[in-house]
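2 protein chains.
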Amino acid sequence: MASLAVETGHQEIHDVERNGPAEKAQWVLNAPEPPSLWQELTGSVRETVLPHARRFPTFKDKGSLSKTVISFLHAIFPIFCWCRNYKATNFKNDLLAGLTLASLCIPQSIGYATLAKLDPQYGLYTSVIPPLIYAVMGTSRDIAIGPVAVVSLLLSSMISKLVDPEAYPIPYRNLVLTTTFFAGIFQAGFGLFRLGFLVDFLSHAAIVGFVAGAAIVIGLQQMKGLLGITHFTNKTDVISVMEAIWRAVHHSGRRNRKLFWLPAIAPLISVVLSTLLVYLTRADKHGVMIIKHIKRGLNPSSVHELQFNSPHIGEVAKIGLIVAVVALTEAIAVGRSFASIKGYHINGNQEMVAMGFMNILGSFTSCYVATGSFSRSAVNFSAGCETAMSNIVMAITVIISLELFTRLLYYTPIAILAAIILSALPGLVDLHEAYNIWKIDKLDFLACAGAFIGVLFASVEIGLLAAVTISFVKILIISIRPGAEVLGRLPETDIFCDVDQYPMAAKNPQVLIIRVKSGLLCFANANFVKEKIMKLATEEEEGSKGKRTPQAVILDMSNLMNIDVSGITSLVELHKNLASSGMELAITNPKWQVIHKLRVANFVTKIGGRVFLTIGEAVDACLGAKMAAV
Amino acid sequence: MASLAVETGHQEIHDVERNGPAEKAQWVLNAPEPPSLWQELTGSVRETVLPHARRFPTFKDKGSLSKTVISFLHAIFPIFCWCRNYKATNFKNDLLAGLTLASLCIPQSIGYATLAKLDPQYGLYTSVIPPLIYAVMGTSRDIAIGPVAVVSLLLSSMISKLVDPEAYPIPYRNLVLTTTFFAGIFQAGFGLFRLGFLVDFLSHAAIVGFVAGAAIVIGLQQMKGLLGITHFTNKTDVISVMEAIWRAVHHSGRRNRKLFWLPAIAPLISVVLSTLLVYLTRADKHGVMIIKHIKRGLNPSSVHELQFNSPHIGEVAKIGLIVAVVALTEAIAVGRSFASIKGYHINGNQEMVAMGFMNILGSFTSCYVATGSFSRSAVNFSAGCETAMSNIVMAITVIISLELFTRLLYYTPIAILAAIILSALPGLVDLHEAYNIWKIDKLDFLACAGAFIGVLFASVEIGLLAAVTISFVKILIISIRPGAEVLGRLPETDIFCDVDQYPMAAKNPQVLIIRVKSGLLCFANANFVKEKIMKLATEEEEGSKGKRTPQAVILDMSNLMNIDVSGITSLVELHKNLASSGMELAITNPKWQVIHKLRVANFVTKIGGRVFLTIGEAVDACLGAKMAAV
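For the record, the sequence lines run as chains A and B.
What the first sequence shows, in UniProt numbering, is residues 1 to 630, in sequence order.
What the second sequence shows, in UniProt numbering, is residues 1 to 630, in sequence order.
Bound conformation, chain A alone:
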């Protein structure tokens, strides 16, 4: 079997008559019609909307109705799949992970709620209903659901432009809840209409830059509060030392998986210690701001708070869309990376439906936008979670806290919340990944830097817009980047490669072999490519001694995915220009769409049918024809 290529080589020689170059050229020319634009459109719609259509049992099967219902329920509520095989050992791991998660989640939720300019209990509410719904509907086993820093910042920075949260806290909260509702509707809609690819439009590089920028904005905001209070109370040392310890612990936790619980419970310990400290020293009397009242009890209904006849409804829907995309992007990025580590598959569309429903129901129960958190998902993973059950454990722990412990948080200093938020930020500024992006792709780094600078110096929306614009302009530039590479034959093979990439490849002085360095020959690059090829052909002519003209130019089209009318026009002009310099043009290995269009546009007959499957055959034909002519 290992000598297959050699065997085939033998066969090729023997059967050179039967499957000769002429017959292969016919294979190229007589390819079946490619699917029309309409067929492609309907095909891709069908594929995206009904990806698993074939896998569902049809109604002809026995007992199929119940089977269909069951597989439908399994698709919508993946919990039914995994809970059947759920064992006590699984639960032990999930319980541990869930409790660890809760100890990090409770202080973070309170902190992020203040970041979103809501009362602290709204953060806790958001850690109850959304994780429960996600556990039932989501497909990731590692995501930790709840409020996150970036989304909290997005909400407060965009909605405070509509209503001042200081002056009008209740109308502000109503708008936040309405935004949450819209975000849920958009997310569920993306999932139901299989528009999952929209989330891909925020590139990895853009997210890295955007999140880092947002983290620094949050950090500066919190720093202000933190420095404000240290000025009054001289507690700087405690906090800064604690923070330094926390960071050290955080890093060691990252390095040593057994110490994962240290960074996870450090915030809770900080809260407990600082609360105790304030209570004992009565520091609140000396200017330390404290949380004071957190409303006790479970999420109240907030259906009546949704405002659909607000004058800001258009703006709110727009903010909902932005928040929906950012939240989904974060969650799906987190979900995918852990799924790929553990080797299971998450279903992007189902994830969106789950996120959508959890935010819609969340908006009815006093929750603001929840999504998968980078930092808490990492803790969840490190703590050894096995299923979404850890989210349920966490939610139940938060419920218990809401019922029992809210009064204990009375003396918690607000500064410690700032410190907790601050301590989560370094994890969001991923310098290592930014360096990686710089190393791999400079233009990707530009998108990253654009998002970062945009968020930092302009606004969140401008940062996002900059990132998306740079990313797409980059695609455009790469796609239409005109260029042509000269090919040469690799020694002792029939393989032709770029002579720059493979310095051992030998050019043939009689035949110039050129490949377009682009996937698309279109209006924006066709003329440039044409002139480049003409230049290469005529330079070749001048360069060598004795003015040895290449007798033919072979254009290898194996790169070209598509061509447009301007591209074909340029090829026709190229053919005419070469002909007037006494050179022939031959093309090799055109792709499906390209050969179809060239045939429709009569280009094949214009160049005298000089279309070949391989470069080798084209070289032979060109040289053979010249030999015959001489």
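Some clues are possibly wrong.
In this list, chains with the same sequence are indistinguishable; a pair is considered to hold if it fits within one copy or across any two.
Unchecked claim - DSSO-like mimics (lysine-lysine), calculated; alpha carbons at most 27 Å apart, straight line: (1) K439 x K535; (2) K507 x K24; (3) K535 x K67; (4) K442 x K606; (5) K606 x K576; (6) K576 x K507; (7) K67 x K87; (8) K292 x K117; (9) K606 x K342; (10) K342 x K318; (11) K161 x K87; (12) K535 x K606; (13) K342 x K92.
What the hints contain is simulated information worked out from the structure, not anything from laboratory work.
Just so you know, these numbers come straight off a predicted model, no measurement behind them.
Dock chain B against the given chain A, drawing on the hints supplied.
Just chain B, lined up with the frame of chain A:
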């Protein structure tokens, strides 16, 4: 020589040891560093700015200074090149072509001036200075320079929004001249900074749609005038019959090259006849509007009319930019198509410099924006012009007319000008080409239709914007269109091709060979491609009887021009997912940038170095490895 491929085939067998698959894989992996982004940038800047740098003699040569000056002068003033070999026979042909051109140009110029809402003599002025300058500086031999319909419409429709031409004719004219100056500056700037590629951004399809839309807008405007007058005078028959005759003649002229002069001089004859008719019947007393006074004499200076401190200066510069691009696009499209028919080369950047200077100097001498006219260039070509001398002949003829015959045009009815404009329009609506575009490329047709509808139902700017937007969105869609094609081995060869395009290609059940259907694996399509490949790999698994799993997936990367960080992340995830299903991933034939990035990102080591030059070698390696493992 014809058996080169076969010979190589033999050699390959003998030398299989020396240049074996392992060594070839090393060629792939040890390619030299591709040029960095910075090198590419500086390289492409150098290439665009100094394309002929190498061809200029250096100062080390003998007498090089004078040589350099001469070659520089030849580059700037191509007239020096061709006029040295200019013979009497050339002049005979150019004289005939120039006179024919003038007979069409004089009535058209008057008509287009009224279309631009200027006095008739400004059209004639524009047919004097610009053609003379172009003849000295331009590189096309066939272009006929002067005012054209589309640019006249553009100017009047955009500038009348700033100043009402009826109420304030002189300020309006000042703005038109200032716009002309700006258009010239932009054009010359594009040429000097070698930004010729900007003109390519209006695709062929967009131009076809845009010009057709503009022609219909002009037609409707003129029709109004034409019908208005027929209502008063019952001259309908004469004009409509004349027009019908003219069109018939125009078509026959197109078909029969010997009759080219018929459509060319028909407008002049119409003008003479109708002027005579009005003069004899004194129809102007019965309501027929006539031109009356055309100012006699050559172009007056208009330097004092340029207004750089106008409050509209920003708008005027913007209009100048739009007009500059449209005018250049039209001229260069015309120039290129005739150059390719006659087989000579026009220099895009020099063309822009020539157009720029002719419009700058034109704006000093009472000319509005001139460019190469579609219809008159065709007449010039058909009349057998040989050099730009025909433009000089035409300009001199117009000068003579301005000096001697303006008085004779007193009784020319304005309706006949409308008829002349109308008669030029059918040539601008190129239904045949639109059908061609539809046949070849449906998305190109969309750009064409967008431009057409935009111009017709919204405005000229919106039409242009629609066309450019659709064209670039189309590039984006094609570039990021995710997809993957399954490859199979062509019978009795070692060539692997898309099984849809080549139905005779045979798939190997043990190895799934896949090629990405895109030139770019990036954030916008990488995830989709990954899932598609996973689906193909697992479907294969389910489809065949007895659950024969493919043992390996070979990803042919020969299509991929580039990859970004998200693309690499997706490949890593693909590798992990395949590994967890027990399948190996191998890649073949990565391009220069791609293999470089994959190496930098450590992807090559992640997949265990399974990188091959050809698919055949990868297949052998995958099967061999599995055999060994069994």
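Intra- versus inter-subunit Cα pairing at 27 Å for K442 with K606: between (42 Å within a copy, 23 Å between copies)
Intra/inter-copy verdict for K67 and K87 if alpha-carbon distance must be at most 27 Å: Close inside one copy (25 Å), not across copies (90 Å); limit 27 Å.
Homomeric proximity label, K292 with K117: Cα distance no greater than 27 Å: Within. Shortest intra-copy distance 16 Å satisfies the 27 Å Cα cut-off; inter-copy 76 Å does not.
Status of K507 relative to K576 across identical chains (alpha carbons, at most 27 Å): within (24 Å within a copy, 40 Å between copies)
Alpha-carbon proximity between K507 and K24, which holds within one copy, between copies, both or neither at 27 Å: The answer is both: 24 Å in one copy and 18 Å across copies each meet 27 Å.
Intra- versus inter-subunit Cα pairing at 27 Å for K606 with K342: between (56 Å within a copy, 16 Å between copies)
Alpha-carbon proximity between K439 and K535, which holds within one copy, between copies, both or neither at 27 Å: neither (34 Å within a copy, 32 Å between copies)
Up to 27 Å CA-CA - K92 versus K342, copy category: within (19 Å within a copy, 84 Å between copies)
Intra- versus inter-subunit Cα pairing at 27 Å for K535 with K67: between (67 Å within a copy, 23 Å between copies)
Homomeric proximity label, K535 with K606: Cα distance no greater than 27 Å: within (22 Å within a copy, 42 Å between copies)
Alpha-carbon proximity between K342 and K318, which holds within one copy, between copies, both or neither at 27 Å: neither (36 Å within a copy, 57 Å between copies)
Alpha-carbon proximity context of K161 and K87, limit 27 Å: Intra 50 Å, inter 76 Å, cutoff 27 Å: neither.
In terms of the numbered hints stated before, the structure departs from hints 1, 10, 11, listed from lowest to highest.
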